[in-house]
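Visitor: Take a look at the letters that make up each chain.
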Amino acid sequence: MSTKHLTPEELNKRRIGAVRRRLDGQTVAVAAKQTGLSAPTVSAAWKAFREGGWAAVPVRPRGRKAGQAARLDGAAQQALVAWLAEPAPAGEPAWSSAGLAAALAPQGHEVSSRAIEHWLEARDLKPAPLVLEGLKRRRSTAGRWFRQRVEPTLERVSRAGGVVWQGGVRVSTPGEAVAGEPRRYQLYLHGKRGRLYSRCLAAPPKADDYLAMFERLLDQAAGKPVALIFHGACFDPVPEVGRWLARNPALELVVVPPDTARSLKA
Amino acid sequence: MTTLTHLEKLEAESIQIMREVVAETENPVMLYSVGKDSAVMLHLARKAFAPGPPPFPLLHVDTRWKFRAMYDFRDQMAKEVGMDLLVHINPEGIEKDINPFTHGSAIHTDVMKTEGLKQALDHYGFDAAFGGARRDEEKSRAKERVFSFRTAQHRWDPKNQRPELWQLYNTRKHKGESIRVFPLSNWTELDIWQYIYLQSIPIVPLYYSAERPVVERDGALIMVDDERMPLEPGEVPMMRNVRFRTLGCYPLTGAIESDADTLPDIIQEMLLTKTSERQGRVIDHDSAASMEKKKQEGYF
Numbered sequence: 147m148s149t150k151h152l153t154p155e156e157l158n159k160r161r162i163g164a165v166r167r168r169l170d171g172q173t174v175a176v177a178a179k180q181t182g183l184s185a186p187t188v189s190a191a192w193k194a195f196r197e198g199g200w201a202a203v204p205v206r207p208r209g210r211k212a213g214q215a216a217r218l219d220g221a222a223q224q225a226l227v228a229w230l231a232e233p234a235p236a237g238e239p240a241w242s243s244a245g246l247a248a249a250l251a252p253q254g255h256e257v258s259s260r261a262i263e264h265w266l267e268a269r270d271l272k273p274a275p276l277v278l279e280g281l282k283r284r285r286s287t288a289g290r291w292f293r294q295r296v297e298p299t300l301e302r303v304s305r306a307g308g309v310v311w312q313g314g315v316r317v318s319t320p321g322e323a324v325a326g327e328p329r330r331y332q333l334y335l336h337g338k339r340g341r342l343y344s345r346c347l348a349a350p351p352k353a354d355d356y357l358a359m360f361e362r363l364l365d366q367a368a369g370k371p372v373a374l375i376f377h378g379a380c381f382d383p384v385p386e387v388g389r390w391l392a393r394n395p396a397l398e399l400v401v402v403p404p405d406t407a408r409s410l411k412a
Numbered sequence: 043m044t045t046l047t048h049l050e051k052l053e054a055e056s057i058q059i060m061r062e063v064v065a066e067t068e069n070p071v072m073l074y075s076v077g078k079d080s081a082v083m084l085h086l087a088r089k090a091f092a093p094g095p096p097p098f099p100l101l102h103v104d105t106r107w108k109f110r111a112m113y114d115f116r117d118q119m120a121k122e123v124g125m126d127l128l129v130h131i132n133p134e135g136i137e138k139d140i141n142p143f144t145h146g147s148a149i150h151t152d153v154m155k156t157e158g159l160k161q162a163l164d165h166y167g168f169d170a171a172f173g174g175a176r177r178d179e180e181k182s183r184a185k186e187r188v189f190s191f192r193t194a195q196h197r198w199d200p201k202n203q204r205p206e207l208w209q210l211y212n213t214r215k216h217k218g219e220s221i222r223v224f225p226l227s228n229w230t231e232l233d234i235w236q237y238i239y240l241q242s243i244p245i246v247p248l249y250y251s252a253e254r255p256v257v258e259r260d261g262a263l264i265m266v267d268d269e270r271m272p273l274e275p276g277e278v279p280m281m282r283n284v285r286f287r288t289l290g291c292y293p294l295t296g297a298i299e300s301d302a303d304t305l306p307d308i309i310q311e312m313l314l315t316k317t318s319e320r321q322g323r324v325i326d327h328d329s330a331a332s333m334e335k336k337k338q339e340g341y342f
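So the sequence lines, in the order shown, correspond to chains A and B.
Residues are numbered in the working numbering as their position in the first sequence, beginning at 1, plus a constant of 146.
Residues are numbered in the working numbering as their position in the second sequence, beginning at 1, plus a constant of 42.
Since the hints were made in silico from the structure, they are not lab data.
Among these hints, one or two may not hold up.
As the list claims (entries may be wrong) - Residues on chain A that point at chain B, a partial pick, calculated with CB under 7 Å:
| id | residue |
| --- | --- |
| 1 | Pro-350 |
| 2 | Ala-379 |
| 3 | Pro-404 |
For glycine and all other residues, C-beta sits at the position ideal for the given N, C-alpha and C.
Please construct the entire structure, taking both the sequences and the accompanying hints into account.
Guide: Structure follows, in structure tokens:
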């Protein structure tokens, strides 16, 4: 049984109860059933009791202690904004939270990639990937688009051992906490397991910005084909992009049709 | 006695104005710009003269630069209502290929809209033209009367307007004069939307939010509606959720970012907005009091 919904106080009460039952000679399974905890949790509580006594049974308080959170000071935030506007270091298609955290470290800012993600989230720079699961059977424009455009591309690229990316371009709307900050034009990619890579500009991205990102994707794939499902830009009237795609057939660009993206959001 | 709602009062007033014009003038016409105000005005006209069709034609002064969705909607509506639709495009404008990009918004508006309108009115000899302008749209429109008299040269003199006390309209014309009539003068943008909602009036889909390709020009979101829109080097249109509060020539009409894709959502947005719908019209920003100058020269 999951104990995630329990408050730490309630969980500790049940852990102590489970240890008492074990001391009374009951089995792990019975103690688990009577306390509503899972068997591994009862075992863990019992082990903690044997090693450290009653004091070791309660779980530690959740989260960081107040004041221990990694802080992004003004200089660090300025650096993040400046880096996000530039192409990422070679080898990465764009900036990831881990990449940004690593770039901050030499400057004396030891922050986790999670702290960077929180910073991005507050600025509405953490878009979720499109949900493509289940589209195959959907009787809608999105379903038809998936069956006719996405599925054949994904099959072709997968057969050739290639990689699949999602991406897009959008304008951020910073949250209330950072309301004074400007809106940014975010070029983003979602890689394996939905990992986010972005580049954030002060003005709408130009064709060169898109193409630089596409080229990084091809470089990373090392000769293998790449499928990119892209949302938020209209490339039809842009000859540069058409020419580039014709020269680089290894990148198969599948543009999400207008008004389909709404039904693909989680 | 039944008390009319404020929309019913506005509706009754507009219908009275339309009937007054038909009774007092010889050759009226209804200007049809395909926007939401035109949609309401057309609906009111059909109500005013039901069960027959309104006894005047529709006139669309075309610039060749309206949104494609507007042309589709115009043709569909003309078929549906059974009224004559007259479309006039200034032939000089066609000959010189006047367009908002190479000639600028001021010349384009002057040649294709103002001159085009004057040509059409002269050509067909219309002595009264209904327009869908409202007082809440813009300062110069706020001071214009419901019956706005124009000289033989179609000029408007804002300092020489007739009083319209107790909704009594003096329709007597001097020789060569014509009248521009504004039955929606006292409506607000919110009234229009509420009326559209209550009466289920069909409108151009561009008023509803959808993902559309737009580029940013001087802070305005301009929709890339066809291949004639010149893009700057390397410019890539972005797909954004936008809608239009007002519709005109597409290169001169700014969209607003919005998720309002139903009439109740639009009405709610109207209740919160603090800007005029004409903020999205590039032509209104040409110079100070530009609308009044255009109106004096014959613009609607």
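Visitor: Could you run down the list of hints and mark each one as holding or not?
Guide: Hints and how they fare:
Restraint check, A/Pro-350 versus chain B: the minimum CB separation of about 6 Å is within 7 Å; hint holds. The criterion of a C-beta within 7 Å of any C-beta in chain B is met by A/Ala-379, whose closest approach is roughly 5 Å, and the hint holds. The closest approach between the C-beta of A/Pro-404 and any C-beta of chain B is roughly 4 Å, which is under the 7 Å cut-off, so the hint is satisfied.
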